[in-house]
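2 protein chains.
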Amino acid sequence: MAVIASTVPEACSRAKRASRELVRAPTAAKDAALRGVAELLRERRDEVLEANAADVEAGREAGLEESLVDRLTLDPARVEAMAAGVLEIVALEDPVGEVIERRTLRSGIELTKLRVPLGVIAIVYEARPNVTVDAAALCLKSGNAAVLRGSSTAERSNAALAAIVAEAAAEAGLPEGTVELVSGGGRQELAELATQEETVDLLIPRGGEGLKAALKAVATVPVIYAAAGNCHVYVHGDADPEMARRIAVNAKVQRPGVCNAAETLLLAAAAAEVLPPIAAELRSAGVELVGDERAREAAPDAEIAPACDEDWDTEYLGLRMAVGVVDSLDEAIEHVNAHGTGHSEAIVTSSEAAADRFAAGVDAACVYVNASTRFTDGFEFGMGAEIGNSTQKLHARGPVGLRELTTTKYVGRGTGQVRE
Amino acid sequence: MAVIASTVPEACSRAKRASRELVRAPTAAKDAALRGVAELLRERRDEVLEANAADVEAGREAGLEESLVDRLTLDPARVEAMAAGVLEIVALEDPVGEVIERRTLRSGIELTKLRVPLGVIAIVYEARPNVTVDAAALCLKSGNAAVLRGSSTAERSNAALAAIVAEAAAEAGLPEGTVELVSGGGRQELAELATQEETVDLLIPRGGEGLKAALKAVATVPVIYAAAGNCHVYVHGDADPEMARRIAVNAKVQRPGVCNAAETLLLAAAAAEVLPPIAAELRSAGVELVGDERAREAAPDAEIAPACDEDWDTEYLGLRMAVGVVDSLDEAIEHVNAHGTGHSEAIVTSSEAAADRFAAGVDAACVYVNASTRFTDGFEFGMGAEIGNSTQKLHARGPVGLRELTTTKYVGRGTGQVRE
Numbered sequence: 001m002a003v004i005a006s007t008v009p010e011a012c013s014r015a016k017r018a019s020r021e022l023v024r025a026p027t028a029a030k031d032a033a034l035r036g037v038a039e040l041l042r043e044r045r046d047e048v049l050e051a052n053a054a055d056v057e058a059g060r061e062a063g064l065e066e067s068l069v070d071r072l073t074l075d076p077a078r079v080e081a082m083a084a085g086v087l088e089i090v091a092l093e094d095p096v097g098e099v100i101e102r103r104t105l106r107s108g109i110e111l112t113k114l115r116v117p118l119g120v121i122a123i124v125y126e127a128r129p130n131v132t133v134d135a136a137a138l139c140l141k142s143g144n145a146a147v148l149r150g151s152s153t154a155e156r157s158n159a160a161l162a163a164i165v166a167e168a169a170a171e172a173g174l175p176e177g178t179v180e181l182v183s184g185g186g187r188q189e190l191a192e193l194a195t196q197e198e199t200v201d202l203l204i205p206r207g208g209e210g211l212k213a214a215l216k217a218v219a220t221v222p223v224i225y226a227a228a229g230n231c232h233v234y235v236h237g238d239a240d241p242e243m244a245r246r247i248a249v250n251a252k253v254q255r256p257g258v259c260n261a262a263e264t265l266l267l268a269a270a271a272a273e274v275l276p277p278i279a280a281e282l283r284s285a286g287v288e289l290v291g292d293e294r295a296r297e298a299a300p301d302a303e304i305a306p307a308c309d310e311d312w313d314t315e316y317l318g319l320r321m322a323v324g325v326v327d328s329l330d331e332a333i334e335h336v337n338a339h340g341t342g343h344s345e346a347i348v349t350s351s352e353a354a355a356d357r358f359a360a361g362v363d364a365a366c367v368y369v370n371a372s373t374r375f376t377d378g379f380e381f382g383m384g385a386e387i388g389n390s391t392q393k394l395h396a397r398g399p400v401g402l403r404e405l406t407t408t409k410y411v412g413r414g415t416g417q418v419r420e
Numbered sequence: 001m002a003v004i005a006s007t008v009p010e011a012c013s014r015a016k017r018a019s020r021e022l023v024r025a026p027t028a029a030k031d032a033a034l035r036g037v038a039e040l041l042r043e044r045r046d047e048v049l050e051a052n053a054a055d056v057e058a059g060r061e062a063g064l065e066e067s068l069v070d071r072l073t074l075d076p077a078r079v080e081a082m083a084a085g086v087l088e089i090v091a092l093e094d095p096v097g098e099v100i101e102r103r104t105l106r107s108g109i110e111l112t113k114l115r116v117p118l119g120v121i122a123i124v125y126e127a128r129p130n131v132t133v134d135a136a137a138l139c140l141k142s143g144n145a146a147v148l149r150g151s152s153t154a155e156r157s158n159a160a161l162a163a164i165v166a167e168a169a170a171e172a173g174l175p176e177g178t179v180e181l182v183s184g185g186g187r188q189e190l191a192e193l194a195t196q197e198e199t200v201d202l203l204i205p206r207g208g209e210g211l212k213a214a215l216k217a218v219a220t221v222p223v224i225y226a227a228a229g230n231c232h233v234y235v236h237g238d239a240d241p242e243m244a245r246r247i248a249v250n251a252k253v254q255r256p257g258v259c260n261a262a263e264t265l266l267l268a269a270a271a272a273e274v275l276p277p278i279a280a281e282l283r284s285a286g287v288e289l290v291g292d293e294r295a296r297e298a299a300p301d302a303e304i305a306p307a308c309d310e311d312w313d314t315e316y317l318g319l320r321m322a323v324g325v326v327d328s329l330d331e332a333i334e335h336v337n338a339h340g341t342g343h344s345e346a347i348v349t350s351s352e353a354a355a356d357r358f359a360a361g362v363d364a365a366c367v368y369v370n371a372s373t374r375f376t377d378g379f380e381f382g383m384g385a386e387i388g389n390s391t392q393k394l395h396a397r398g399p400v401g402l403r404e405l406t407t408t409k410y411v412g413r414g415t416g417q418v419r420e
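In order, the protein sequence lines correspond to chains E and D. Letter by letter, the first sequence follows residues 1 to 420 of my numbering. Letter by letter, the second sequence follows residues 1 to 420 of my numbering.
Rather than coming from a laboratory, the hints here were simulated on the basis of the structure. A hint or two may mislead.
[What the hints assert, rightly or not] Some but not every residue of chain D turned toward chain E, in silico, with C-beta under 8 angstroms: (1) 308; (2) 361; (3) 367.
Predicted model only: the values in this text are computed from it and were never measured. Glycine included, each C-beta is placed from N, C-alpha and C at the ideal position.
Take these sequences, add in the hints, and give me the full structure.
Here you go:
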């Protein structure tokens with residue numbers, strides 16, 4: 001069974017119709033569909049790899065950058081990782097039907113607040129074809145129909161993968177339209193998808209700042225923007241120097257290209273003497289350092305270049321870090337709130353009072369005391385797979401997992417009550 | 001102490017600075033401020049009424065419609081109702097600091113998910129000056145700074161009321177900027193407020209469809225749109241006729257101008273014989289009826305006029321109701337999902353299976369079984385005061401009370417953990 005090629009409104013309408021049935025789909029049917037996806041991925045691995053090879057070849061011919069070719073390329077291990085990822089989602093608890101609150105109103109009505117699917121979720125993503133499977137699986141388990149819009153460079157790979165999901169869904173008795181794939185298209189098609197207010201309940205972009213900006217300009221459907229992370233590590237005056245070094249280095253170096261990596265190291269003036277060993281280790285890990293006057297003075301051997309204003313607001317996503325010295329905890333909190341993106345922020349301190357004040361005062365999705373910013377992650381948080389990280393304050397803040405792909409509904413059961 | 005008149009960006013910046021302190025404000029300080037508001041409202045009742053009389057006079061001179069003059073006009077009872085309303089908010093539980101989840105991660109980090117204030121909430125409202133106090137009180141109790149933008153027709157009343165809130169807040173030790181009032185201004189000022197992305201965390205419009213449309217066109221800050229309600233009562237084939245009559249009449253007639261009043265009555269073909277007595281009572285309550293062919297045949301004496309397509313999609317907010325007959329429960333669910341606005345929907349039935357299917361299949365914030373749609377309300381739901389009703393699916397769905405004016409924050413406490 002192939003996914004039917006169709007216009008954006010047609011695909012969204014089919015997904016909407018499917019979503020009306022999916023709200024009632026039993027967990028067993030959804031899990032059977034997911035197990036089917038994993039099986040078919042393994043059975044049809046060679047077909048998938050063939051489709052992918054054609055995409056890669058076409059991409060190379062069209063002069064696609066090597067880093068994008070790498071993201072696009074599948075191999076047996078990557079296909080197996082997709083199958084394993086889907087089976088992990090089977091093991092997660094179904095959020096649909098969870099009773100959030102239950103009470104008897106003064107009218108005698110029994111009121112229940114339940115978790116229910118959102119309806120139709122559109123996912124817009126760039127080169128990586130594995131998102132086709134990951135996103136569809138998360139939507140399916142949470143009872144949502146998915147409209148997937150990958151990039152045109154991954155067209156054949158995405159079609160092969162979406163066909164597998166659609167076939168497994170159909171075999172498990174789930175409705176046509178459970179998974180819809182719309183072709184890559186251009187900005188116009190993106191705008192069309194982002195304005196299907198009658199049918200699309202949520203749109204999640206997974207891509208760079210260009211994609212986000214394009215959506216911000218046109219979207220009328222609700223969007224959860226995956227987060228940019230300008231994250232900080234603040235070393236308080238009484239921090240354990242060894243812990244400060246370990247956390248600062250880990251937050252910057254362990255995987256510098258991701259949104260929960262740290263971009264700025266702040267030190268209390270009283271902790272400035274811990275900078276030289278930290279700076280030395282950062283430099284030996286290949287990190288280029290820029291800093292304010294006091295940071296440069298505190299570690300004269302570390303070759304810290306002068307920071308410009310922009311440095312404090314930049315998500316480097318690479319081996320570069322800004323270092324600043326502040327006079328007080330409040331100044332640190334102010335700096336983080338002024339320059340951070342509200343993603344993940346850390347303090348290293350042995351003072352409980354300082355920890356509490358930092359945790360309360362910093363306005364971010366995740367605040368860490370004596371731990372690396374790198375822990376912001378659905379798996380690390382015990383939520384299982386995530387579809388992104390939100391720095392928005394409404395609906396979902398932090399990792400976006402199965403629960404965050406649901407909404408709620410009040411059901412009131414009465415015996416004929418009317419309002420007086 | 002008066003509220004300082006200032007530009008929109010200035011007012012929002014002051015509110016943002018205040019919000020950084022308000023996140024840490026103890027419940028006792030917030031409650032003291034609210035009690036102060038109630039006291040000052042009583043002490044300065046005459047000043048408030050004088051300011052209001054000047055607004056009313058200016059409105060009359062400018063030819064303001066009589067219904068708007070009525071909304072604008074305060075009297076001693078209305079001022080007392082405001083004070084009493086504020087004291088009810090004192091009695092509500094402070095949502096800030098509530099622990100939503102707590103767990104130990106595999107890394108050993110103790111992770112807590114806490115409820116925290118959103119930050120700055122902008123409220124845009126029309127003639128009623130009581131919203132100045134109600135909205136400010138809800139924002140204050142939930143730890144948010146409020147930027148209020150009332151209509152220019154209520155300028156003097158709003159200034160007097162906002163000055164009372166600001167003075168009480170200052171006396172309780174809360175920061176300047178806790179409550180900011182920006183003058184009515186025009187559409188340009190509205191657009192300015194709706195695009196303060198750096199400072200405004202949420203905008204809530206309380207007004208008609210014109211205001212919503214104006215905001216939809218320009219807003220870049222997050223908005224919760226108060227709901228339009230095209231609500232239905234569906235009478236299933238096995239409904240108790242007397243209960244069906246009581247609920248249908250109550251849902252339509254008890255207060256027809258509000259969003260949870262019913263606009264359409266749907267009957268199963270098997271329940272068509274209950275229509276004549278219901279229609280008779282609706283008509284004697286002054287309700288004009290329109291209906292489809294089968295409804296008109298089922299109650300030939302009720303003078304049901306033919307309904308046009310538009311009737312099924314109209315929120316009358318008055319004494320008019322559309323009546324339709326459907327062949328099945330699924331057809332009823334489809335009709336509600338196609339024409340409803342996802343606000344409040346009711347089924348009257350003695351079948352538990354039908355009730356369950358309707359509750360699961362109807363895509364709405366609130367679904368009632370054997371009860372009137374009129375119960376969708378913060379007070380009736382035991383949440384206390386509400387700032388509106390959301391039919392959006394993200395963040396808040398249903399009554400928007402104190403909890404819905406908060407967001408969440410993860411705080412992870414470690415002992416030096418780094419990511420491997």
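- Hint validity - residue 308/D Cβ closer than 8 angstroms to any chain E Cβ: 21 angstroms, violated
- Would the hint on residue 367/D stand, with a C-beta cut-off of 8 angstroms toward chain E? Holds - the Cβ of residue 367/D comes within 8 angstroms of chain E, reaching about 5 angstroms at its closest.
- Residue hint residue 361/D, partner chain E, criterion CB-CB below 8 angstroms: Status holds, d = 7 angstroms.
Checked against the numbered hints given earlier, the structure breaks only hint 1 and satisfies all the rest.
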